[in-house]
Amino acid sequence: MTDKELKVQDKKEVEAKGELTKAGAAFTPNVDIFENEDALILVADMPGVSKDGVELNLEENHLSIRGQVASHTPATPIFTEYPTGDFVRTFSLSNIIDQSKIEASVKNGVLRVVLPKSDVSKPRKIAVKAA
Amino acid sequence: MTLIRRTNPGRGFGWGNFNPLQNEMSQLFENFLGKGYMTPLRSVFPPVNVCEDSENLYLTAELPGMEAKDIEIHAEADSIQLKGERKIESEGEKVCYHRRERESGSFNKKITLQTRIATDKVTASVNDGILRITLPKAEEAKPKKVEIKVS
Chain Y
1 MTDKELKVQD KKEVEAKGEL TKAGAAFTPN VDIFENEDAL ILVADMPGVS KDGVELNLEE
61 NHLSIRGQVA SHTPATPIFT EYPTGDFVRT FSLSNIIDQS KIEASVKNGV LRVVLPKSDV
121 SKPRKIAVKA A
Chain V
1001 MTLIRRTNPG RGFGWGNFNP LQNEMSQLFE NFLGKGYMTP LRSVFPPVNV CEDSENLYLT
1061 AELPGMEAKD IEIHAEADSI QLKGERKIES EGEKVCYHRR ERESGSFNKK ITLQTRIATD
1121 KVTASVNDGI LRITLPKAEE AKPKKVEIKV S
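So the protein sequences, as listed, match chains Y and V. Its first residue numbered 1, the first sequence is counted upward by one per residue in our numbering. Its first residue numbered 1001, the second sequence is counted upward by one per residue in our numbering.
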């Protein structure tokens, strides 16, 4: 049980580079990035994004994630405390990632991308030989 | 005491008048400091959006990673309370973090509604990290058509 109270984090709108090809605002999802011995793991909060709404693009060393949020306002808004829109964010990958083995999953609006490290970059213990 | 005329009540995008005191305050500041000053709107977690049609109020909140069992909802005739805790499971001791923006913690928020609702008919669902609550309006709060009698 954590005693911490959650604070409202303002959604950061993505500043477009060049012309936008899609109408509506896009936001930067909050992410955790961590690594263990075998992989780098990226977890992104993308509420409203289902499995079919996720788009992952790998171009050279840039991994971009895009989560599409179905926008529908069935009725007249009374008050709006948060804006809605797609989630977009791009990450630069280092050479240690084995790009052919990247895997992604979505659960409850949280995207999880596992980026396995290539074999050469895994930490190794070097045995010292007796001369 | 000076009377200050409200020149632009529905300013901002869709904030409307949901927080009259805040509006009043920022209006005062604006009159005092000139246009452009706006107090950032500090709300309680989770931010919610509410919209309505003639039958229901619809409330949505973004709660990524949370499931129905993590959220408690209490409905009263003119308010609704959202309570819960967002947990982020530990990834083990061997991980090291590069970035940590996602937060865990608890929340307890009460939203006062301008319309009376039928508390026994409230329904809620959580899907893809979005909580959706449908609050049917109480009979007396629904709009009624008034026939004009011709005398």
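To be clear, the hints were calculated from the coordinates, so they are not data collected in a lab. From the three backbone atoms N, C-alpha and C, an ideal C-beta is built for every residue, glycine too. Any given hint could be a false lead.
[Claimed, not checked] Within a straight-line C-alpha distance of at most 20 angstroms, the following computed EDC-like cross-link-like pairs (lysine to aspartate or glutamate) qualify:
hint	chain 1	residue 1	chain 2	residue 2
1	V	1109	Y	38
2	V	1137	V	1053
3	Y	11	V	1055
4	Y	7	V	1093
5	V	1087	Y	38
6	V	1110	Y	5
7	Y	7	V	1103
8	Y	122	V	1093
9	Y	125	Y	38
10	Y	11	V	1103
11	Y	12	V	1101
12	Y	4	V	1070
13	Y	107	V	1053
14	Y	7	V	1085
15	V	1094	Y	5
[What the hints assert, rightly or not] Quick look at which bits of chain Y chain V covers, simulated, 3 or more residues with Cβ under 8 angstroms:
hint	segment
16	54 to 61
17	78 to 88
Structure-based check of each hint:
1. V/1109 x Y/38: With Cα atoms ~41 angstroms apart, residue 1109 of chain V and residue 38 of chain Y exceed 20 angstroms; violated.
2. V/1137 x V/1053: Satisfied, since the Cα-Cα distance of roughly 9 angstroms is no more than 20 angstroms.
3. Y/11 x V/1055: Violated, at roughly 31 angstroms.
4. Y/7 x V/1093: Given pair residue 7 of chain Y, residue 1093 of chain V is violated - Cα atoms ~26 angstroms apart, limit 20 angstroms.
5. V/1087 x Y/38: 25 angstroms, violated
6. V/1110 x Y/5: 15 angstroms, holds
7. Y/7 x V/1103: Satisfied, since the Cα-Cα distance of roughly 9 angstroms is no more than 20 angstroms.
8. Y/122 x V/1093: 18 angstroms, holds
9. Y/125 x Y/38: 15 angstroms, holds
10. Y/11 x V/1103: 14 angstroms, holds
11. Y/12 x V/1101: Holds: residue 12 of chain Y and residue 1101 of chain V sit about 12 angstroms apart, inside 20 angstroms.
12. Y/4 x V/1070: With a Cα-Cα distance of about 16 angstroms, the restraint between residue 4 of chain Y and residue 1070 of chain V holds, given a limit of 20 angstroms.
13. Y/107 x V/1053: Violated - the C-alpha atoms of residue 1053 of chain V and residue 107 of chain Y are around 31 angstroms apart, more than 20 angstroms.
14. Y/7 x V/1085: Given that 20 angstroms is the threshold and the Cα spacing comes to 12 angstroms, the pair holds.
15. V/1094 x Y/5: Violated: residue 1094 of chain V and residue 5 of chain Y sit about 27 angstroms apart, past 20 angstroms.
16. 54 to 61: violated (count 0)
17. 78 to 88: holds (count 7)
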